[in-house]
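Visitor: Here is how the chains run, residue by residue.
Protein chains: 4
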Amino acid sequence: MQDTHDAQDMPDMQGILQEIADRIEPLRGQGSVAAYIPSLGGVSPDRFGICVAMADGGVYGAGDWRVPFSIQSISKVFSLALVMSYDYDSIWRRVFREPSGTPFNSMIQLEADQGIPRNPFINAGALVVTDRLLTLTGDAAASVRGLLRLESGNPSLDIDPVVAASEADHGHRNASMAHLLASYGNLENPVEEVLANYFNQCALEMSCEDLAKSALFLARHGVSAGGTPFLSPNQSKRVNAVMLTCGTYDAAGEFAYRVGLPGKSGVGGGIVAIVPGRCAITVWGPALGPNGNSLAGIAALDHFTALTGWSIF
Amino acid sequence: MQDTHDAQDMPDMQGILQEIADRIEPLRGQGSVAAYIPSLGGVSPDRFGICVAMADGGVYGAGDWRVPFSIQSISKVFSLALVMSYDYDSIWRRVFREPSGTPFNSMIQLEADQGIPRNPFINAGALVVTDRLLTLTGDAAASVRGLLRLESGNPSLDIDPVVAASEADHGHRNASMAHLLASYGNLENPVEEVLANYFNQCALEMSCEDLAKSALFLARHGVSAGGTPFLSPNQSKRVNAVMLTCGTYDAAGEFAYRVGLPGKSGVGGGIVAIVPGRCAITVWGPALGPNGNSLAGIAALDHFTALTGWSIF
Amino acid sequence: MQDTHDAQDMPDMQGILQEIADRIEPLRGQGSVAAYIPSLGGVSPDRFGICVAMADGGVYGAGDWRVPFSIQSISKVFSLALVMSYDYDSIWRRVFREPSGTPFNSMIQLEADQGIPRNPFINAGALVVTDRLLTLTGDAAASVRGLLRLESGNPSLDIDPVVAASEADHGHRNASMAHLLASYGNLENPVEEVLANYFNQCALEMSCEDLAKSALFLARHGVSAGGTPFLSPNQSKRVNAVMLTCGTYDAAGEFAYRVGLPGKSGVGGGIVAIVPGRCAITVWGPALGPNGNSLAGIAALDHFTALTGWSIF
Amino acid sequence: MQDTHDAQDMPDMQGILQEIADRIEPLRGQGSVAAYIPSLGGVSPDRFGICVAMADGGVYGAGDWRVPFSIQSISKVFSLALVMSYDYDSIWRRVFREPSGTPFNSMIQLEADQGIPRNPFINAGALVVTDRLLTLTGDAAASVRGLLRLESGNPSLDIDPVVAASEADHGHRNASMAHLLASYGNLENPVEEVLANYFNQCALEMSCEDLAKSALFLARHGVSAGGTPFLSPNQSKRVNAVMLTCGTYDAAGEFAYRVGLPGKSGVGGGIVAIVPGRCAITVWGPALGPNGNSLAGIAALDHFTALTGWSIF
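Protein chains in written order, with the working numbering: chain X, 1 to 313; chain F, 1 to 313; chain E, 1 to 313; chain B, 1 to 313.
Hints are computed from structural coordinates only; laboratory data are not their basis. Predicted model, so just to flag it, every value in this text is computed and none were measured. Glycine residues also receive a C-beta, built at the ideal position from the N, C-alpha and C atoms. Treat the hints with care, as some may be off.
Said to hold, decoys possible - With the Cβ distance kept under 10 Å, some of the chain E side facing chain F (calculated, not the full set):
(1) LEU110
(2) HIS179
(3) LEU187
(4) VAL191
Bound conformation, chain X alone (with noise of 0.2 Å):
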């Protein structure tokens, strides 16, 4: 239904833009940068960048949106994407669809529900869908980066070797998951395959610019930028769905009240949104609240709801 809005529905996307990144302004730098990957830990923390990408294919953005910058997180959406593409509605089988609850959870949930995660946007579930996507492509970091490639029109983003080292060197605890669930049988590849595949996949670095393109197909009902059905609408739909009520850690119920959209976030500090027939949002600034999301990420997004007037409430 929100496929026929008028062009007067238009605000000024720019102006909009530019006036969200001034607001911001006393925000930068406020939070911390993500130090337990060290090679992020040296990001400047004032970083702020801000791009729309149109469903009928205006581009809009501000402040830092061509910078690249580390989508970790952010590529559990294309993962997860990927493998519906493949595999229809299978990985639901190895994994739930339900907010995590507290984050203390995630491993004596993973004991009570006999290794099945509870949904694939925390890491053990992201672990999952990356297993299940490298028995089904034998690369599931290339595919990610072939899609990304592919969508947002920029054949030259690549993953960040070193990013990806360092989370290797410093990756205990997504092995100690990537272990659990083996014990489970929740695994079909060795665990040191499916983590490399996943430190490979979280080191992508991509632009504002970059991402709002490549998500586009979720603002879409699942058409890519090459006008192909990659998704079905319905797939797509719950993708998002998947989105507001797992997408950003232990803040979904929060995210959803202040932003009201579709959302997933990384610890880079880049956040998408999406407003369904119309909207692909990135935000990026790599200090973080409390919660492990861009304080001044979460501040944009709330502002350009305010100034578009735009939600799916």
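Start from chain X and add chains F, E and B according to the hints.
Guide: Just chains F, E and B now, with coordinates in the frame of chain X:
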């Protein structure tokens, strides 16, 4: 943005509801009627009703859509809206708005979070909301009843005293929760009074028609049946967001995935769902699935979104 | 086997107790007096008493060993012994005898185990024991008082009604636990009566001397002060085993490691310990350490085992 | 104090062991052999052996008391004792000595306690002990083997390489735990090395006779087979205390209640128990009960304490 729908958008609603009733036929009586409140156990499991109240005033129904049933937890939406209408945002100091994760967490979570319930739709959170409404109005259950009578236009809808007494007699778990909240100083009124008001508001009896009309303000950006604002557009949007992320117990993610609408269920077998800008839908089927939601009701809403193509995603 | 000790085994007990009191001097007043029961908060934190009652009848004391204090959870040992004396082993169908792990587990554990508390010395388990004693005797608190008067030879020891009322007023957490037990069908009597009996038995006032004499049957293989068997040798051994594994809250392992004797503490600052075949020891120091055990009391018992060389290991 | 036993205390030990073997007959083969390590699954479930090594040098046995079996977790007692012999008390900065509560807590507890395992006998704690021993000696498994050869007087006892390899192949859960410890900085050596040493020490093969002789120092206040102090009396007492509170997994309270002796079990079906001052007892029965302890073994120790009257309580 969802307000400017053309007339040709409008499908044959009466035909759709009849088709849903037909499709639901084989599911009638599957699942099991909630037994923990003895007086609820007497309801025939094969009842089924559905009603749609359109934002523009049209009302459509099929099956047992005018038969009253116990609304139970659906009352939590109205007590929350009332508290927000009086008190704007201050309730959120006493309750979070995050999904609750696995059910066994409710008490451990209360301990970890020092008495702040995870959201207003789990019982602990609803007790806090009722407590606040009791302080604000002197009679929380009567306030909810008053709102529902006004919005539904049915001045005779009322609390079933037998159900209320039955809940009180078997309410040890809610009493346990209320005392735990009190031990953290998160109740303003005596435990017994809060419980009495809570059991009364849950024991309200309403038909699908009454309920759909009563919830319509959430599809009209907060505008009441009388045409005046009951909630602000922003508040209405936020109640919908909380319904989507927390409205169907432990199955909120599944509900968002399958149905894709904000919704709230009750163990009486009712579910209310909202298509923002368009309509409120109520379904009723007393036999419940494993997560405590109406089995036929969820299936009916699934068919509804498939047949209308309406979704927020 | 511990019964055949030669006379030359007997150290200079009075000298030992005096030395302990001297060593404990710098600790007096460290830690903090339990504040959650207001009437307990008024006790001076620097009191200290110690008493040893020998199996052969000798009684030794130092410091405030004849000053009465609130025995609180130490009463749980006597209610358990009473139930076992009436009912042999049937209480173990309603409560386990395993250590409780971390404190935040008490409620989650009750849910996971369908209402069976982990041991009789955590509050949930003690409520079940009191409930059983209430059924068996008609007045659980009076039965405990009767046993203590008989064993201590002090017919005037009694419940402090101010403390009992203070516990009832601030007993939301115990009320929460009792209702949760009731929701699982693991109480035989009304919640209010069980709580009243429980608060009364915890509010008993006794001196170190009274308590050491009262607990002596556990050092005499179940033989009461009057010389008749109160418990069988096997039952006495088993109460000691439960004290060792579960008697000092979350610090049972630490207590076994440092002190090496079965013991039971209370938030009033008292601790009772048993050297099977030899003696019962009571210490009292109202200021508590982080685990809710008397700081000076634990140190005193540590010195006691070092100076006497007595340990079960 | 337990050292001064008269000769007339000594019961007819050979007769007692024979009677236990007779009584155990109907239990042979009940329960199930541990299956998660494939090579353990091949052991015949109806084997049964028992051996008592007296502090004064006498050794008594019945049944399969000279048949070697996989000692598994019993090795944790010896690695702990070795670390304490080198390092006195410093290991307790890296591991607690509290009972572990319900089994599903192990990982949530590690998170709540920032990577400090609850005790040295759960797997997480044993990995920390092995890691420390590896740092201290360069080869943890060889050190444990060396101690056992010396104490048992059997220079040919050794690691079963098939069992060790089998554990490594199916050790995802231990690998998960080790990586989680590493993520908290609580391992000094690489995960793979710690795991290899751990699997090797668990794969040691010993008979009841070897084991009873090897554990005898814990009944002799730390004095080794050679007559020299291996542990101080205080350390020996403390290892016994940890065995009592934490030695039989989730059933430590039950074991203390029924048997009343410090004990440590392994999934190979062995149990070692200590009567301080008197003797070490080993039982072996490969078929396990629901808590992972030898079914026949627990029953045999129950009979042992009943027939001898020996208990620490």
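Visitor: Indicate, hint by hint, whether the structure satisfies it.
Guide: Hint by hint, here is what the structure shows:
1. LEU110: 8 Å, holds
2. HIS179: Holds, because the Cβ-Cβ distance from HIS179 of chain E to chain F comes to roughly 4 Å (cut-off 10 Å).
3. LEU187: 9 Å, holds
4. VAL191: 8 Å, holds
No hint from the list above goes unmet by this structure.
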